[in-house]
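Enquirer: Letter by letter, the chains look like this.
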Amino acid sequence: MALAAQENNETGQKERGDERPTRRRGDSPSMLRSSANLPDTPEGYSPELERVEVQVLLEAMFRHYGFDFRSYAYSSLKRRLWKRIGAEGLQTISQLQDRVLHDPGAMERLLLDLSINVTAMFRDPGFYAAFRTQVVPLLRTYPFLRIWHAGCSTGEEVYSMAILLHEAGLYDRARIYATDINEVVLQRARAGIFPLEKMKEYTENYLKAGGTRSFSEYYTAMYDGALFNSSLTKNVVFSQHNLVTDGSFAEFHVILCRNVMIYFDRELQNRVHDLFYASLVPLGILCLGNKETIRFTRYEDRYEALNLKEKIYRRAG
Amino acid sequence: MTAAPTGGYRLIVVGVSAGGLFALRELVSALPRGFDIPIVVVQHRSKESEALCDLLQECTHLRVGEANDKEPILAGGVYVAPPDYHLLVEPGYFSLSTDEPVRYSRPSIDVMFASAADAYGADVIGVVLTGANADGSRGLQKIVRRGGYAIVQDPADAEVKVMPHSALKAVPGACVLPLKRIAPHLAAIRGRSVPPCRAVTA
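Read top to bottom, the protein sequences are chains L and Z. For the first sequence, the positions run 1 to 317 when this note's numbering is used. For the second sequence, the positions run 318 to 519 when this note's numbering is used.
For the record, the hints were derived by calculation from the structure and aren't laboratory data. Some clues are possibly wrong.
Stretch-level coverage of chain L by chain Z, calculated; a stretch enters the list once three of its residues show a Cβ under 8 angstroms from a Cβ in chain Z [unchecked claim]:
id: 1; stretch: 72-80
id: 2; stretch: 112-123
id: 3; stretch: 255-268
id: 4; stretch: 279-292
Partial chain Z-side listing against chain L, Cβ under 10 angstroms, derived [as the list claims (entries may be wrong)]:
id: 5; residue: Asn385
id: 6; residue: Pro389
id: 7; residue: Leu405
id: 8; residue: Val406
id: 9; residue: Pro408
id: 10; residue: Ser412
id: 11; residue: Glu417
id: 12; residue: Asp427
id: 13; residue: Val428
id: 14; residue: Ser432
id: 15; residue: Asp435
id: 16; residue: Arg462
Straight-line alpha carbon distances no greater than 20 angstroms define the calculated SDA-like cross-link-like pairs of lysine to any residue that follow [unchecked claim]:
id: 17; chain 1: L; residue 1: Lys198; chain 2: Z; residue 2: Pro418
id: 18; chain 1: L; residue 1: Lys309; chain 2: Z; residue 2: Gln374
id: 19; chain 1: L; residue 1: Lys309; chain 2: Z; residue 2: Pro400
id: 20; chain 1: L; residue 1: Lys200; chain 2: Z; residue 2: Tyr421
id: 21; chain 1: L; residue 1: Lys309; chain 2: Z; residue 2: Asp401
id: 22; chain 1: L; residue 1: Lys198; chain 2: Z; residue 2: Tyr421
The beta-carbon is built from N, C-alpha and C at its ideal position, and this holds for glycine as well.
Given these sequences and hints, build the entire structure.
Expert: Given below as structure tokens:
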């Protein structure tokens, strides 16, 4: 996927711009007219035609570039398409298709829109607390640990897991394979620089997650970023992997895939569960996002819940 | 463009901002036992607040729970958007997303309402209750444009008037009701056999 390899500055900056809130107490009704924030189908656009255009666009992207978004959840995919249509100054999905097919740069920008998943360090602190108390003791029984963080995005949760394993005394016997479909986010993950203004929130998360040290030990404050210690990534391999099209590449003791499959439709979720099941050792651990469940997949009976609330499952032997 | 409605309404979506617990309890507790249109609720709240479902479950026979990803939408269910996710309605089930907050809100009422209008067209009833910002207005507008039905809590009756006010600005023809009359109205119009409501004041 050489196409995605060049950093796209325009999109990167725009993202940060979107996140910086100009706080207003009680939005005034005049904000009603600002549509920039709600990417959605324009008024009067036929829902049936829209669906046809989306299908044709995704088919064309797959046939021409090999990027397969055909099994993504429709409503969130559609929001991201309209966001890109707005950013490109276009009016219809067909216009986006034309631009994407004839301008690889536009394809690259759309790819970023479709594949970046927003995350945070120690997102859902309760999950990390449960991992510490319930999973870490199980992991101590293995002399060597292979952990797969599937869909790691910009790496916040990989660094979180590295810190947790470090504090549990398990980091030196662990290898973390952190993968994502998108090479651009992997580059950001490898760099290990996160926005300084997030550190307050991340420190609170870290403490709620049962962190035992001072969070600031793990990073160095720079101009506007927090650079995380490179020792945290010495046992991490960041690598491109596409959950939709690529297969298993090792046997793992733990697989984390949190808030990635929410963007997939049910059939694709099942296919990814095939992959995870085949990639876990017997009694291996599968961690999903807080509001994901294997209950609605065909793997419901193949796992037992170690912690139902935090969605930590163990593969049956 | 949108198929003409053939039966009763199939989905009720409710938006309310922080502080709307009282209003939500009042609404769900007044729905009759056996009320079978699924109800989807977005309330703005902090990441940590987990008690909302319990507090709602206490006062209703309907099944209350936080919506999970790909969970089927079933009759008799009251589904609450989990904090820190956008809740999206697909035909017959939910999807979640962690995309950026919309107008500082995640979950966003607008996002959920718009997805419900996409998935259920004219079979959606949108309800906007008390709240301190304009979230929900654009979504309610979309519901009505797709042939759905809009109910807005009478601002005079609302704890915080900003949200109902801005919803009415966006959808001037919405049915305006005081809180205590919303549940009976939902029960009355569910089969669409009753003529649409005229604006009523508290």
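Enquirer: None of the hints should be skipped; say for each whether it holds.
Expert: Evaluation of the provided hints:
no.	hint	in the structure
1	72-80	holds (count 7)
2	112-123	holds (count 3)
3	255-268	holds (count 5)
4	279-292	holds (count 4)
5	Asn385	5 angstroms, holds
6	Pro389	7 angstroms, holds
7	Leu405	4 angstroms, holds
8	Val406	7 angstroms, holds
9	Pro408	9 angstroms, holds
10	Ser412	4 angstroms, holds
11	Glu417	5 angstroms, holds
12	Asp427	5 angstroms, holds
13	Val428	7 angstroms, holds
14	Ser432	4 angstroms, holds
15	Asp435	6 angstroms, holds
16	Arg462	6 angstroms, holds
17	L:Lys198 x Z:Pro418	15 angstroms, holds
18	L:Lys309 x Z:Gln374	18 angstroms, holds
19	L:Lys309 x Z:Pro400	14 angstroms, holds
20	L:Lys200 x Z:Tyr421	18 angstroms, holds
21	L:Lys309 x Z:Asp401	16 angstroms, holds
22	L:Lys198 x Z:Tyr421	16 angstroms, holds
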